[in-house]
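From first to last, the protein sequence lines stand for chains U and X. Read in order, the letters of the first sequence are residues -11 to 103 in my numbering. Read in order, the letters of the second sequence are residues 3 to 109 in my numbering.
Hints listed in this document are in silico derivations from the structure and should not be mistaken for laboratory results. From a predicted model like this one, the values you see are computed outputs, not experimental measurements. Be careful, since some hints might not be right.
Unchecked claim - Each pair of labels, with its calculated beta carbon distance range:
1) Lys56/X x Arg51/U: 38 to 44 Å
2) Tyr84/U x His40/X: 41 to 47 Å
3) Ile67/X x Gln5/U: 28 to 34 Å
4) Leu71/U x Lys57/X: 43 to 49 Å
5) Phe48/U x Glu69/X: 29 to 35 Å
6) Gly4/U x Phe20/X: 50 to 56 Å
7) Asn59/U x Gln16/X: 47 to 53 Å
What the hints assert, rightly or not - Looking from chain X toward chain U, a few residues come up when the C-beta cut is under 10 Å (computed):
8) Asn4
9) Leu37
10) Ile92
11) Phe97
12) Gly100
We treat Cβ as the ideally placed atom computed from N, Cα and C, and that holds for glycine.
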Amino acid sequence: ETGVTQSPTHLIKTRGQQVTLRCSSQSGHNTVSWYQQALGQGPQFIFQYYREEENGRGNFPPRFSGLQFPNYSSELNVNALELDDSALYLCASSLYLVGSTDTQYFGPGTRLTVL
Amino acid sequence: KNEVEQSPQNLTAQEGEFITINCSYSVGISALHWLQQHPGGGIVSLFMLSSGKKKHGRLIATINIQEKHSSLHITASHPRDSAVYICAVILINQFYFGTGTSLTVIP
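When you get a sec, could you build the whole thing from the sequences and use the hints?
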């Protein structure tokens, strides 16, 4: 167990709806990253938040947005859902210190199905 | 072109065999992760490397920064090692993942 939790575990939405996924970081971690993993593919980096600010973003459209809260928990919001958004969404938390590289601890993921 | 390439894509081994999974990348990186993903999605970080070699139990990871190449070795493989192994590289604040190597270890 990594101490990183995600909710919900499974979710079914229809095209055009909006969804919010939640991630609770491991205690003491100040950075959270979100990933999308389509079936049979490797994870794709969506974005990273460090101390409540976006700190890096992958090749995802603006309808993918996020928040990090003062307790370092995080949300991933996806607007105007498309069928291709069906995937496993993973979050990973880490402790970032200037000058160091960080190990990521992954949550169990949220399986999103868009119909 | 994917920034991270893994080989092989699929691997079947007999219990006890020595296994090697390779990862090549095309960008300058600050660190490389080896991840293990079991059916159902859970991902565990096995190693994070920025140079040299690390060992944990039966697992060994090496990285050659000049050649932009890393290997994950499993000694005395066991059926519980069956999983997808993913190589991921970190470039500044961007993370790039390989598509994974699916390993099946047969008793």
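The hints, checked one at a time:
1. Judged by the Cβ atoms, the range 38 to 44 Å given for Lys56/X and Arg51/U holds: they are separated by roughly 39 Å.
2. A C-beta distance of roughly 27 Å is found between Tyr84/U and His40/X, which places it outside the suggested range of 41 to 47 Å.
3. At roughly 45 Å, the beta-carbon separation of Ile67/X and Gln5/U lies outside the given 28 to 34 Å, and the hint is violated.
4. In this structure, Leu71/U and Lys57/X meet the distance hint of 43 to 49 Å, their C-beta atoms being roughly 44 Å apart.
5. Distance hint for Phe48/U and Glu69/X: a CB-CB separation of about 31 Å, consistent with the stated range 29 to 35 Å.
6. At roughly 51 Å, the beta-carbon separation of Gly4/U and Phe20/X lies within the given 50 to 56 Å, and the hint holds.
7. The hint said 47 to 53 Å for the Cβ distance between Asn59/U and Gln16/X, and at roughly 48 Å that hint holds.
8. Taking 10 Å as the C-beta cut-off, the interface hint given for Asn4/X holds, the closest approach to chain U being about 9 Å.
9. Proximity of Leu37/X to chain U holds as hinted, the smallest CB-CB distance being about 8 Å (cut-off 10 Å).
10. At about 7 Å, the closest approach between the beta carbon of Ile92/X and any beta carbon in chain U falls short of 10 Å, and the interface hint on this residue holds.
11. A hinted interface residue such as Phe97/X counts as satisfied when its beta carbon comes closer than 10 Å to some beta carbon of chain U; here the least separation is about 4 Å, so the hint holds.
12. For Gly100/X, the suggested interface contact is upheld, since its CB lies about 5 Å from the closest CB of chain U, less than 10 Å.
Violated hints, in rising order: 2, 3; the structure is consistent with all others.
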